[in-house]
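Asker: Residue strings, one per chain:
Number of protein chains: 2
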Amino acid sequence: MRFTLEYTDGNARACILETGRGVVRTPSFMPVGTIGTVKAMSPDELKEIGAEIILCNTYHLFLRPGHEIVRSLGGIHAFMNWDRPVLTDSGGFQIYSLSALRKIGDDGVHFKSHLDGSMHFLGPREAMAIQQALGSDIAMVLDDCTPYPVSYEHASGSLSRTILWAEQCRELQTEGQALFGIVQGSLFEDLRGKSAEELIKIGFDGYAAGGLSVGEPKEDMHRMISFTAPLLPPEKPRYLMGIGDLGDVLQAVEAGFDMFDCVMPTRNARNGTLFTSQGRISIKREEFRADRSPLDPECECYTCRNFSRGYLRHLFLSKEILSMRLNTIHNLSFYLQFFRNMRESIEKGAFVDFKSRWNPIFQ
Amino acid sequence: MRFTLEYTDGNARACILETGRGVVRTPSFMPVGTIGTVKAMSPDELKEIGAEIILCNTYHLFLRPGHEIVRSLGGIHAFMNWDRPVLTDSGGFQIYSLSALRKIGDDGVHFKSHLDGSMHFLGPREAMAIQQALGSDIAMVLDDCTPYPVSYEHASGSLSRTILWAEQCRELQTEGQALFGIVQGSLFEDLRGKSAEELIKIGFDGYAAGGLSVGEPKEDMHRMISFTAPLLPPEKPRYLMGIGDLGDVLQAVEAGFDMFDCVMPTRNARNGTLFTSQGRISIKREEFRADRSPLDPECECYTCRNFSRGYLRHLFLSKEILSMRLNTIHNLSFYLQFFRNMRESIEKGAFVDFKSRWNPIFQ
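Residue numbers (this note's numbering), protein chains in the order written: chain A, 1 to 363; chain B, 1 to 363.
Please keep in mind that the hints were generated in silico from the structure rather than gathered at the bench. For clarity, every value in this text was computed on a predicted model and none was experimentally measured. Treat the hints loosely; a few may be bogus.
Identical copies look the same in the list; a pair holds intra-copy or inter-copy alike.
To be verified - Calculated cross-link-like contacts (lysine-lysine; reagent style DSS-like; alpha-carbon spacing at most 25 Å):
no.: 1; residue 1: K194; residue 2: K218
no.: 2; residue 1: K218; residue 2: K355
no.: 3; residue 1: K112; residue 2: K319
In isolation and in its complexed conformation, chain A is listed as follows (with noise of 0.2 Å):
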């Protein structure tokens, strides 16, 4: 993998993340394809729209369909037909926020399923051989996440946890497939720095954020943001996990962040929530019933491009499938289409006025 910074305005950075399957453009957002498909979405479509990577979850593929089985349809690629980057997590995050049982020790941790309530371990060794399986191009640490509101003395134990667990990982690397370790230390900024200093020091091709957007004030979170990039070493990819509502991109792109996943896009498309240049829209609404203008008149999307607000209204009201389906690629038309814009203004040393322009809007 080989990243290069192109371009710099203030911290933000334009880059390109070079890899075996293809180049992805920083600042880059990242569709989620949970269970190994972007929900609603063909990866036609995905390519259409200009996806660069997704992200799969380790988490729920391990649990179905497994990692052995993805591994004997050809790994996540052939088994998904995506043949662009892909991006696995560790399931560390997934274990915190679906599993109703978890028991964490320094070897791991034990959790029940979601779907069935079997019992479950996940550890550095397990997380690092089902990413291998699922032959990601880009795999996360294992972590632990930390609550909100946490004790100092928790978020410094689950840290040593993390520390301890990034090592491991990294000893376990293979040939092939980048790895990239997870700052952690809840809102304690000598954590953070604590996190970033020993992250550095195994050394690995990228640097994350993890455990932000786990219910603290938004002030708090774009203080972490912003005392977080800095703290990671320049010439490798950031990326900020799990958060793309678009002004905290905004906000986490100006701090110097690279790369965004988050569900916000397609979960609010299926709820029938569509970003358009105007701001965020309800199609459900009564004046749209017979309203033939596209959802967004700037919008180039095929949604936009073949038809009207009040066919979308009547879709979404009948709950039809094709009502997700465009929907969802209305919203991650208008993402893509957002980051592709955000880095052009970088490109042209114009941030500062892309991001006042759009703030307003989706603050």
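Here the structure of chain A is known, so what remains is to put chain B in place on it, guided by the hints.
Answerer: Showing chain B alone in chain A's frame:
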């Protein structure tokens, strides 16, 4: 609308139906686009798999979003972004099958919406006005469907009403929209005969057989199919309504029917039952778990070109939207290819061979 008989093979026919919106080669299968979308499909995908005409349901569109909304959004073609022919049924069958409460008189039917329980009225005048507002290429007369079993007296009374309504619909037909009559008469040959005779006297652009596949034994259905087809004018299209089981289709094409519609390929797709050159399969079967082969090696659809049985099984068990999409693409592709191959066999005078090859598989 122009209808040209190109080839015959026994009573089986290969014809061309020319409309202002494109050509339909028969025998033809019409995917069902109930409320203005063929479930799980985009209009582009329908074109890609070769759909030449689709059916939309007047009853559903009347209740939601309402035909006046469809009109104000440009008519059914602009509404759903489908520029090829559309046939609309009259709503009679859906009132019969979906509405819990209905009161039929000679002027029409009072019925209760299956959506919200509101009361509505549909007579020949309303059925024509709605279909004209939708702007379909082919409209159907309003008919009074009889249940199975039904007494001769009931069937006979119902038929008189159907004939009366057919006359009234014919008087209301407008330029640019074809209108088909519907033969009723349950399983009574003399009533079917009288029905056909009266409709021919009125004179329609095409003739359909209705009231079959409503619970009667297969052999009775097949007997009525074979009995009814030759009663209909050979120089006009013959449409067998709501029947799409491929064994029944073979029987009906042999008898001389040209047009078909059925939710079977789309509904079965969503339930995981897939049509292949080896017969029906259930994609959830354990044996497909790590199966890298395509669903049907003889099929060239998007699904079969790009995804394995193992992946399709995984998507189905995970209840993913992409499962319904890929399964529907496959089943409709299979149907449309089956119909194209059937037409080719008629062109070559080899329909008997075609039927004896496929009948054992889909009977």
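Asker: Each hint: holds or not?
Answerer: Right, here's what the structure says about each hint:
{"no.": "1", "hint": "K194 <-> K218", "in the structure": "within (23 Å within a copy, 76 Å between copies)"}
{"no.": "2", "hint": "K218 <-> K355", "in the structure": "within (17 Å within a copy, 68 Å between copies)"}
{"no.": "3", "hint": "K112 <-> K319", "in the structure": "between (32 Å within a copy, 21 Å between copies)"}
Checked against the numbered hints above, the structure breaks none of them.
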